[in-house]
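Engineer: These protein sequence lines are chains A and B, in that order. First residue of the first sequence? That's -7 in the numbering used here, and the numbers climb one at a time after it. First residue of the second sequence? That's 82 in the numbering used here, and the numbers climb one at a time after it.
Watch out, some of these pointers could steer you wrong.
[As the list claims (entries may be wrong)] Computed beta-carbon distance windows for the label pairs:
(1) Thr284/B / Leu400/A: 47 to 55 Å
(2) Leu290/B / Met413/A: 55 to 63 Å
(3) Val356/A / Ala254/B: 39 to 47 Å
(4) Asn174/B / Asp357/A: 46 to 54 Å
(5) Pro354/B / Phe182/A: 25 to 33 Å
(6) Arg442/B / Phe182/A: 39 to 47 Å
(7) Val356/A / Leu89/B: 31 to 39 Å
(8) Phe147/B / Val407/A: 50 to 58 Å
[Unchecked claim] 20 Å max Cα-Cα, derived EDC-like pairs, lysine to aspartate or glutamate:
(9) Lys537/B / Glu381/A
(10) Lys411/A / Glu357/B
(11) Lys142/A / Glu381/A
(12) Lys142/A / Glu87/A
(13) Lys537/B / Glu238/A
(14) Lys121/A / Asp75/A
(15) Lys142/A / Glu127/A
(16) Lys312/A / Glu245/B
(17) Lys353/B / Asp415/B
(18) Lys159/A / Asp235/A
(19) Lys295/A / Glu540/B
(20) Lys537/B / Glu357/B
(21) Lys2/A / Glu438/B
(22) Lys166/A / Asp75/A
(23) Lys121/A / Glu189/A
(24) Lys353/B / Asp416/B
(25) Lys166/A / Glu87/A
(26) Lys142/A / Glu174/A
(27) Lys411/A / Asp350/B
The hints are simulated quantities; they were obtained by calculation from the structure and are not laboratory data. Here the structure is a predicted model, which means the values were calculated and not measured. We treat Cβ as the ideally placed atom computed from N, Cα and C, and that holds for glycine.
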Amino acid sequence: MESSQITRRKVEAGLPRRRRREFLFQLAGMLATTVGIVFLGVFFADLFVKSSTAFVQTFVKLDVEFTENVIAPGGEWDLTYADFDGLVRSALRSEFPGVSGRSERRELNRLVSVGAGYQMRDMIEADPKLLGARESLWVPASSIVDMYIKGNIDASLEESLRPLSDKQLSWIQKLQDSGRLETRFNSALFSNGDSREPELAGIKGALMGSFYMLIVTVLLAFPIGVAAAIYLEEFAPRNRWSDLIEVNINNLAAVPSIVFGLLGLAVFINWMAIPRSAPLVGGLVLSLLTLPVIIIASRAAIKAVPPSIREAALGLGASKMQVVFHHVMPLALPGMLTGTIIGMSRALGESAPLLMIGMVAFIVDVPGGFSDPATALPVQIYLWADSPERAFAERTSAAIVVLLGFLLLMNLTAVIIRKRMEKKW
Amino acid sequence: MQSTTLILILAAMSVVAFYAGRRRSVALVGGPRQGSVLHSLPGYYGYFTAIWLLLPALGVLLLWLFLEPTVIVALVVRGLPETYQSLSAGELNLFVNNVQNLAAGDAISGESDAVLSDAAARFLAYTATSRRLLATLALGLGGLGGTIAWRRIRPDLRARNRVEQIILLGLIAASSIAIFTTIGIVLSVLFEAIRFFQKVPVTEFLFGLNWSPQTAIRADQVGSSGSFGAVPLFTGTLLITGIAMFVAVPVGLMTAIFLAEYSSQRIRDVAKPLLEVLAGIPTVVYGFFAALTVAPWVRRAGESFGFDVASESALAAGLVMGIMIIPLVSSLADDAINAVPVAMRDGALGLGSTRSETMTRVILPAALPGIVGGILLAVSRAIGETMIVVMAAGLAANLTANPFAAVTTVTVQIVTLLVGDQEFDSAKTLAAFALGLMLFVVTLCLNVVGLHVVRKYREQYD
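Please construct the entire structure, taking both the sequences and the accompanying hints into account.
Structural biologist: Below you can see the structure in the form of structure tokens.
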């Protein structure tokens, strides 16, 4: 037999095994690719299922009376200390006249949120003519009722194992039968600050905190980042100093974000004495964190501007500075903006450094400025995820949906800017 | 005067200065038609004037705002009666806090007395004086600078060069911020870490096997001296990082190979953006998912196989962290694979090897340095990751290699030690900075080596 035939036979003998390997290798690749995508699918499905119930909330209809001698005893208005909760309690009692005994009444009162009293106070503050009137009001139910209505509490469990007693269940049934129980859009989620009561807790405070922080971040990081990129691309001589700056920027981009939090704590809070928990400190830390992102993106954008533009401008007698600011920068701006938006979206999702600078405090008031104590949306998610109440779990998911919505919006804007404005040379 | 008002006034003044400078330059040469006699365009004379107005004013403003609190507090303290002067630093600090709160109209701790209200009144008076002084000084210096610059305008003044020099200085300053950030990080963690090592020996921190940072308030309480052996934290971090890498490296690498080598363009167009979404999800969201969905699932799955799984197992946190790092590994591996010259790939295919053989015998060995560099960067990312482990991993420092047990990590401990109110001198708080120093040094080394390898590798085939 010729040697070429021997070789051929050897090769052919090995072929099935090699084909099988080829097939397995390809299969492994396909599986690996699906792992990430399947996770994404599971994640979003889980998120939407969990958050879907958070956007509605249960309300109870109560016939309350704005009793004169509680709100304005002796003709003197006293909104701070008036016992609005007492008015809510008496409304409940008149709804269920059969309820007697302290413990039973206490159980009854647990059906309605403490927000009902605040709601009454706000109403009479807005319209003093209500004094003495009898009104039918929809007030938020407490979170246990809400959870039961949404099917998160199993009524078939033994009484001691569920948060609602048999009596409470029968009252809820009665309210439902008489049309006094209703689920409505959960506007509190978007108009309230944080609260210990899940049915009153909202993300407005966190959203405003994030908003103020991002304002500080963009005001600092965009000009500084663009300026640094321009210097490094257009002016920096090739020397030790520029190399050092380059190495630093690349490293800072990979430093764990929590380390920036330590920097913020030691420098901005302990040394410069900027108040803790303020969006100003958060914005400062986040701008340091996003600077590398913006610088790297802006440098890429400047690099993409063809040299012919610079040479033409130089040839017409423009100075180096004029070339950069009149010609290169306008052309590189879309890329710089894209990088900035992506940096901002990273800043919006960042929470670890904010934990270090005291933005985890429980803050009820919606912040109104750069030095008010505030929290941020991702930190709010962290705080709620830690809460033991069942009702906070769905609100956490809802807050995540809102956060992801904002991130999606920002990234879409970046994509649109890139598509619309970026020139191909 | 509020500093914002002051800044607004300065802004308005600089606009006026710009127009004044521009007009003077034009007027000096006798109208816009003679503009070519000027050395620079008229606008540059305007900028020149405005810059010399703003620079001194803003300089004074910044310096003032920086020094003002310290100086005022020192003045208030000096005016206190003798008995207060001899208070300890902590008590004096508390007193000054009370003074500031009283002056701001906030609630104070303890009763207000004559000394306190007197100090608060003086505090307010000093603040008012300081603000008036600041306003006069800033506006005066700004006006002076602007006027001098305005008067120096001559047709042959090289205004453009002057302005451009200042802009260049600004650009250099902006690019140096990266260096100052690094210096700031190093100094801030280093100083506190050194203070920590004065209380706890370095060897105990690095080699001690017991971590319980709870220090008692009184000396006679149980566990009055915390122990700061960080080895359980290091092993916990390594365990979770190892699990994450166990998921991310094979999956990320195979994904990159599949997308680069096997998939059609259409699949690539869909799969790549989807994987990028994975990279864009905030870590706090991964943490929530790990704690509330994956951890119970891991626990149930483990129990059905008869394992005893902690509810905050290292496995759950590591798995989710691995998923998070997949896009990083796959994009770096993709870069490395694409950098291998096409000739090598074509040569291997031309000699009759299958695509998988080309990949495993030719391309991957050639791309290995780049891939290893990428993996180092991914490891650094996993070590520094905070939110997932804070939410899904435990707090107890167990020295174990069992993935079903609860372990804690360096980042978790930094967060636990620093969240909430703490006195800044206790070993407990300072320990967080020592851990931060470790974290920074380790990730810095990984990053430097990783980036260096990746770059060297890229240059090799360029």
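Engineer: Looking back at the hints listed earlier, which ones does the structure fail to meet?
Structural biologist: When the structure is compared with the hints, numbers 4, 6, 8, 9, 12, 15, 18, 20, 22, 23 turn out to be violated.
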